[in-house]
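Chemist: One line per chain: the protein sequences are A and B, in this order.
Numbered according to the working numbering, the first sequence spans residues -14 to 252.
Numbered according to the working numbering, the second sequence spans residues -14 to 252.
Since the hints were made in silico from the structure, they are not lab data.
Owing to the predicted nature of the structure, the values given are computational and were not obtained by experimental measurement.
Among the hints, a few may not be true.
Note: identical chains are not told apart, hence a pair may lie in one copy or across any two.
Said to hold, decoys possible - Each computed SDA-like pair below joins lysine to any residue, with the alpha-carbon atoms no more than 20 Å apart:
#1 K74 with S134
#2 K182 with S39
#3 K124 with D32
#4 K187 with F167
#5 K187 with A66
#6 K64 with D147
#7 K218 with D240
#8 K226 with A67
#9 K218 with Y207
Residues per chain are reported as follows:
Number of protein chains: 2
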Amino acid sequence: MKVLVEKGTKKKRQTIVILQVGSLMNFVQGKTVANQVDEILLERIRDETYSPGSRMPSESELSDELGVSRATVRTALAKLAANGLILRKQGDGTYVNARARDASAFLGNLWDLVELIEGNGFKPSIRFLSIERRPATEKEAFALALEPSEDLIALRRLFYADQQAVILADNVIPSSLLREPFESIDGSLHIRDIFQKYFHQKIAFAITDIRSAVIGEEACTYLGGESDRAILKLQVALYGKNNLPLALGTNIFDDSVLRLSLVQAWS
Amino acid sequence: MKVLVEKGTKKKRQTIVILQVGSLMNFVQGKTVANQVDEILLERIRDETYSPGSRMPSESELSDELGVSRATVRTALAKLAANGLILRKQGDGTYVNARARDASAFLGNLWDLVELIEGNGFKPSIRFLSIERRPATEKEAFALALEPSEDLIALRRLFYADQQAVILADNVIPSSLLREPFESIDGSLHIRDIFQKYFHQKIAFAITDIRSAVIGEEACTYLGGESDRAILKLQVALYGKNNLPLALGTNIFDDSVLRLSLVQAWS
DNA sequence: CAGTGGTCTAGACCACCTA
DNA sequence: AGGTGGTCTAGACCACTGC
């Protein structure tokens, strides 16, 4: 019935940018137009096409140049602003935040240890320490909405920043969720991929508790250093789309090496 | 030239809701339509009009009922989803997240101690301990982009959750930003109001470093408890719209009383 | 007063789920 | 097949800023 939006008659298409027309891009790239715009702008900020502290082109200019609607430009800009990378001033303009680099972690990605390590400028790697099946403790059963002493898969892993051990991560997952042979599990994968591959589940949201603690002897054998020093303990609960508890995690985080820093911005 | 959008002919206006027409509401309420929708939905979730775990009305139904466009409904829903209060499933529907209450802090509000205490279900109050002027240390001068040993205003305050002392907060602000008499400063106000009232500045963004530490003797005299226990240290830098550093803060956070928990959700 | 970001509308098409 | 959320467009009006 309805025809696809007519495009291609823009004047100023002055960049290398290639955006697909209409909603076709969902097929071609698997990326939304807004995300493509976001990436383009992010790159321009990083390579200082838009230099730190300077004023960026206006929304209308960007929408003309990139051949997308202003609304689309705005969703991309909103994401950048939420992460503190740009500052927007009504009646004035949009400015590149020169302090963007000061932050290691963006809004609430506390559960994604790989991203956290990357955000600190290190190369992350994961060492798979152990995996076992054991009955759930009472607390675990409650938090995971299981019957008492139902079977769990307990995974222990060590995260490295470059060559240095920085996070000791313990995870427990209900055995009942497993969809592939127990023996096939590769514990050195990203937690998101582990859930995808062996449990056929997607992580929908996470609740992270941040606590301080003394490191203790056991964790110290992995992370080194003084056995009475204070560390951060990130206690994570992961949930699936259907609100099903997927896993619990306890991450011992050595904040003498890694910074945990967050940006918050307001509109 | 153009006429205000015609409204008022909706059929299903079945609720108590009163929304202003067009953009007039900006004058009347100081709230955007999207925020009003957000508040309405939030209230319905809290009072269990939409009960935990149940499916909410579709976007179209809400937009019909409330008399706003679907886009507006979507921005409100997006905010709720980002805070983990609802779960959205394409091709299915929007569900109330029964685990919403498990979180005390929402995305990155780490700098707002009053909100943090409220999020834990306590009544917050602020006790003003001391205020003084002193030259900046080298580190402080650097972080605040000042000349070495320029004058600072140093503020020390103690935050209570109900009757219990939970956070010791030290803040330093460049004296040069002060716009009102030094003597008039009321240190028991919310930090946002202090900036508004005495410095004529608005906080645009914050960068928070989360570290663990041993509490030490001094803080212990305020917060009580064992003097060798681990606590959280939130180091905050506040910036204004023009990217000007406004203040530094060091918040000693007793996590044996207060939880610091964050929700993260994905679309 | 012109230009910028902020908000809202109305309508279109898509991908996905459930039945 | 029908409905739901996900994305995008085009156009309008507002509030604020700086000249």
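Chemist: If a hint holds in the structure, say so; if it doesn't, say that too.
Modeler: So, going through the hints one by one against the coordinates:
no. : hint           : in the structure
1   : K74 with S134  : neither (56 Å within a copy, 32 Å between copies)
2   : K182 with S39  : neither (45 Å within a copy, 29 Å between copies)
3   : K124 with D32  : neither (49 Å within a copy, 29 Å between copies)
4   : K187 with F167 : within (19 Å within a copy, 55 Å between copies)
5   : K187 with A66  : between (27 Å within a copy, 16 Å between copies)
6   : K64 with D147  : neither (29 Å within a copy, 37 Å between copies)
7   : K218 with D240 : both (10 Å within a copy, 11 Å between copies)
8   : K226 with A67  : between (24 Å within a copy, 14 Å between copies)
9   : K218 with Y207 : within (15 Å within a copy, 24 Å between copies)
Hint compliance for this structure: hints 1, 2, 3, 6 are broken, all remaining hints hold.
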